[in-house]
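**Student:** I would like the entire structure built from these sequences, with the hints used as guidance.
Sequence order for the protein chains is D and A.
The numbers in our numbering rise by one with no breaks, and the one at position 117 of the first sequence is 103.
The numbers in our numbering rise by one with no breaks, and the one at position 18 of the second sequence is 39.
Just so you know, the hints here were simulated from the structure itself, not pulled from any lab data.
These figures come from a predicted structure and were not determined experimentally.
Think of the CB as a built atom: it goes at the ideal place given N, C-alpha and C, for glycine as much as any other residue.
If you want a taste of the chain A side facing chain D, the calculated C-beta under 7 Å gives, among others: (1) Gly89; (2) Asn94; (3) Arg97; (4) Gln106; (5) Asn108; (6) His112; (7) Ala122; (8) Leu126.
SDA-like, lysine to any residue: derived pairs with alpha carbons at most 25 Å apart: (9) D:Lys160 x A:Lys125; (10) A:Lys198 x A:His140; (11) A:Lys125 x D:Gln148; (12) A:Lys125 x D:Met46; (13) A:Lys125 x D:Tyr152; (14) D:Lys175 x D:Leu98; (15) D:Lys160 x A:Pro111; (16) A:Lys99 x A:Met22; (17) A:Lys39 x D:Ala56; (18) A:Lys99 x D:Ala54; (19) A:Lys177 x D:Tyr146; (20) D:Lys160 x A:His112; (21) D:Lys160 x D:Tyr146; (22) A:Lys39 x D:Pro60; (23) D:Lys160 x A:Gln157; (24) A:Lys99 x D:Glu137; (25) D:Lys226 x D:Ala39; (26) A:Lys34 x D:Phe65; (27) A:Lys26 x D:Met58; (28) D:Lys75 x D:Glu122; (29) A:Lys125 x D:Val131; (30) D:Lys4 x D:Ala210; (31) A:Lys34 x D:Glu137; (32) A:Lys34 x D:His51; (33) A:Lys99 x D:Gly134; (34) A:Lys99 x D:Arg151; (35) A:Lys34 x D:Arg64; (36) A:Lys125 x D:Ala54; (37) A:Lys99 x D:Tyr152; (38) A:Lys99 x D:Gln148; (39) A:Lys144 x A:Ser186; (40) D:Lys160 x A:Phe110.
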Amino acid sequence: MNSLWSSLQLWWAGFQDKFYVCFIEDDRFVRYMLSGLGVTFQVTFFALILGLALGVVVAMIRVTHDTASANMRPGPGRFLLALLNTICKIFVTVIRGIPVVVQLMIWYFVILISIRNGIVVGIIGFGINSAAYVAEIVRAGIMSVDHGQMEAGRSLGLNYIQTMRYIILPQAFKNILPTICNEFIALLKETAVIGYIASTDLTKGAYIIVGRVYEAFLPLIAAALIYLLIVMLLSWLFGKLERRLRASDQR
Amino acid sequence: MINVKELHKYFGKLEVLKGISEHIHPGEQVVIIGASGSGKSTFLRCLNLLEMPTSGQIIIDGEEITNGRHDVNQLRQKMGMVFQQFNLFPHYDTLGNITLAPIKLLHMSRAEADELGMHLLEKVGLTDKAHVYPAQLSGGQKQRVAIARALAMNPKIMLFDEPTSALDPEMVGEVLKVMADLAAEGMTMVIVSHEMGFAREVASRVFFMDGGIILEQGTPDAVFNHPQELRTQEFLARVRESK
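**Tutor:** Here you go:
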């Protein structure tokens, strides 16, 4: 009994010691992990916006081509739409077929060689990667809205874009919200590979501490816990948003 | 008002409309009857270009709409349409469904549009449902809102695509009554319908479509009581049997 107590005490003292070395000494937690968390947030946030904007554009081109092209008169407009559609299809196929970390390195070391800011390149790389997924999600969402809605809008005299904006997209948005939230959460976690292009995010920050203090357990577990907490918080927030949106049309 | 010349429509290789020529005058109420697959709905949907005719001419109000230079959206503002499946906008309340087009297209203020909307709801007997969402309306109520929505753009022509076919029997009457009121006001109406009783009472003319053409047409009395064509007689006999 006595020996168990003393070994527990010994472990606790050791834990405190390691905790101090890992996080407190030299402000390591603040310098590496907290600032890294800031980078994670920045990259996720701006990549999300880029991904949404680009993804919606790609989705609109794909949907417009698939649904409205048959009713268009032959001419340059129809040709342009077919061309854009092909480009979008290739874009989605290529982006979804390559691991994001490889894409990221290609952006950083090959294409955007003149930009030496890993965060900016990360936003571009993750944003474009996310766009391909968002495009497919939004496309599925638009396709899931009953075709009669488009006809009803058009029959009133609204043009294609007005009908999309006021009638189709609000309904599609509600349908895809859960999936978009999943994409957001996936994106947040994917940014953990940004360390490959010389940026210090939360993961890289933890890894730096591991290298400094030769102690892997605490920094990695801390990083894992922080990711987990953020994801849980986001899931909770999105759940609330979803319920509120649904409530508004059951009134 | 609606002048159709040699209208043809193909879906792929299938010829659905095989040359329709017809003139519908202002203030007429035309009911189109016929078996399913006869091309009734396609014909109706060609009139506001929800379906693009493969060939032929449609002239609405003196303007040819099939030459490719006509502004389709402008045309559709003059022609209201009511669908079998209602197609109300589920994310707007009843009043919002009605006022959307006038606000966006006629640039009415919300107050003006609401006033118009309430007036139209009064017409279809649903003022108490102004702030209810479509999910909470019965089928008959939905279709009456859909009619009010189509009227909000002050159209000269109303198209009805089987407006009562998706309704429970006890709700058919309330919708037909609104349509009969509209007819009494002199609205030009083209109605695809299986409601023979309604056609008899309200129609100024009846078209019987069969195999992509208007096989027979005339006053309700002529078509229903003295059909000339064998196909018309068979169709009417079948409809009566099923009653």
